[in-house]
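K.L.:
All letters in the sequence shown, in the order written, are residues 44 to 374 by my numbering.
Fair warning: there could be bad hints in the mix.
Unchecked claim - The calculated label-pair distances, taken between Cβ atoms and stated as ranges, are:
(1) S277 with F133: 22 to 28 Å
(2) R242 with P126: 42 to 48 Å
(3) Y115 with N197: 42 to 48 Å
(4) A307 with A279: 31 to 37 Å
(5) D155 with P348: 23 to 29 Å
(6) S346 with R222: 43 to 49 Å
(7) Y115 with E275: 20 to 26 Å
(8) D101 with R145: 23 to 29 Å
(9) A221 with M164: 22 to 28 Å
(10) D101 with Q158: 22 to 28 Å
By construction, these hints were calculated from the structure, which means they are not laboratory data.
Values in this document were obtained by computation on a predicted structure and should not be read as measured data.
A virtual CB, placed ideally from N, CA and C, is assigned to each residue, including glycine.
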Amino acid sequence: MPLQHAFLRTTALLPVFIATLLAAGHATAAPVAATIENGTTTTACAEEDNVSMVLRGDGIRHMRIEALQPDYLDKIGNDVTAPDFSGCNFDGGAHPTDPAHRFKKRTVVLLDNAQWRIVGMTLPTFWRPQQVPVQVGQRSDRGFHLLQVFKKENGKALEAIVLYPSDGYWRLKPLPEARFGDGVYGSSFLLGPVEQAGRPVVNIASIRVVPKPLAIHLRFTNGGSAVARVDEISRARTALDVTLSKPTANAQPFAVLRSMYVTADNADMSEVRWQESPDAAPQAKPLPEVKSLRATQVRFGRSLPSKHNTSAPDIEFSGFDNEARQAARHD
């Protein structure tokens with residue numbers, strides 16, 4: 044073949060070769076199953092987190108975490124949100140076994156624009172002494188016990204996300220149905236390298252919130268980091284798209300779902316639904332029957348309406364894979 048023809052043929056095939064390489068690179072992301080272990084203990088107290096669903100896995104760099112409306116939402120008219128201390132050894136104050144570190148109470152509006160309102164709140168007492176630095180846009184502060192994210196809708200700010208910087212807990216909820224007022228949180232979760240400190244915690248070294256597009260950057264005290272991009276806040280769900288800076292290792296949990304279970308009709312979560320692989324049939328079991336399972340998608344929720352936090356959302360973990368996502372860094 045003449046040299047000129049060979050060159051032209053090679054040039055013509057070059058786009059195909061590049062496309063093949065790009066497709067191969069994109070295909071490196073593969074679903075990864077997590078192991079979920081049930082560490083629940085029994086309690087008669089409806090205000091105590093006795094449920095711990097521990098998530099472990101090797102090689103996970105990315106996941107999706109969603110708060111989803113319970114399936115029975117359309118069937119209920121009344122939302123029971125009042126606390127129930129009838130079976131508890133405390134009455135709404137701090138848990139009797141918790142330390143009580145003292146702080147100056149304050150509330151600071153860190154961001155308030157047409158789309159978002161972000162508020163930092165310091166409580167007069169908290170069970171941990173940590174004062175985590177927080178940056179929201181160009182504004183820096185520290186020592187908040189709650190970071191609250193409100194979405195603006197029709198001139199009203201509706202809370203959908205709360206992060207507790209000092210112990211690493213998160214709460215999510217979709218925007219509430221109008222008949223339920225502000226709605227109610229139920230289960231919480233930890234995200235990051237989970238440690239034990241009287242209860243499960245994640246130790247956060249610093250937090251940076253990027254307002255547009257909204258993303259929460261966490262740096263952990265043991266090294267490593269995570270970015271939780273706020274993918275959706277709607278009536279159907281509040282969703283975080285999470286990327287970890289390094290792959291998870293099975294020896295240390297990367298997340299824990301924390302909740303309350305007294306009975307099936309007095310619980311913030313009473314059922315586990317999961318898929319063992321993306322193509323597998325969905326499975327479901329009542330919480331007390333779950334010991335350990337493997338899943339690429341798992342939902343902690345309720346099929347039976349509860350007399351406690353009736354409209355509180357289910358929490359779902361899905362999209363586990365081994366590929367890191369690039370997070371936007373625009374302030």
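K.L.:
A separate judgement is required for each hint: does it hold in the structure or not?
P.N.:
Quick rundown of the hints versus the structure:
1. In this structure the hint that S277 and F133 lie 22 to 28 Å apart at CB is violated, the actual value being about 36 Å.
2. Taken as a hint, the range 42 to 48 Å is violated for the pair R242 and P126, whose Cβ atoms sit roughly 19 Å apart.
3. In this structure the hint that Y115 and N197 lie 42 to 48 Å apart at CB is violated, the actual value being about 27 Å.
4. At roughly 25 Å, the beta-carbon separation of A307 and A279 lies outside the given 31 to 37 Å, and the hint is violated.
5. With their beta carbons about 36 Å apart, D155 and P348 fall outside the hinted range of 23 to 29 Å.
6. Evaluation of the 43 to 49 Å hint for S346 and R222 yields a failure: the beta carbon distance comes to about 21 Å.
7. The beta-carbon spacing between Y115 and E275, approximately 22 Å, falls within the hinted interval of 20 to 26 Å.
8. Distance hint for D101 and R145: a CB-CB separation of about 42 Å, inconsistent with the stated range 23 to 29 Å.
9. A beta carbon spacing of about 26 Å between A221 and M164 agrees with the range 22 to 28 Å that was offered as a hint.
10. A C-beta distance of roughly 38 Å is found between D101 and Q158, which places it outside the suggested range of 22 to 28 Å.
Comparing the model with each earlier hint shows violations of hints 1, 2, 3, 4, 5, 6, 8, 10; every other hint is respected.
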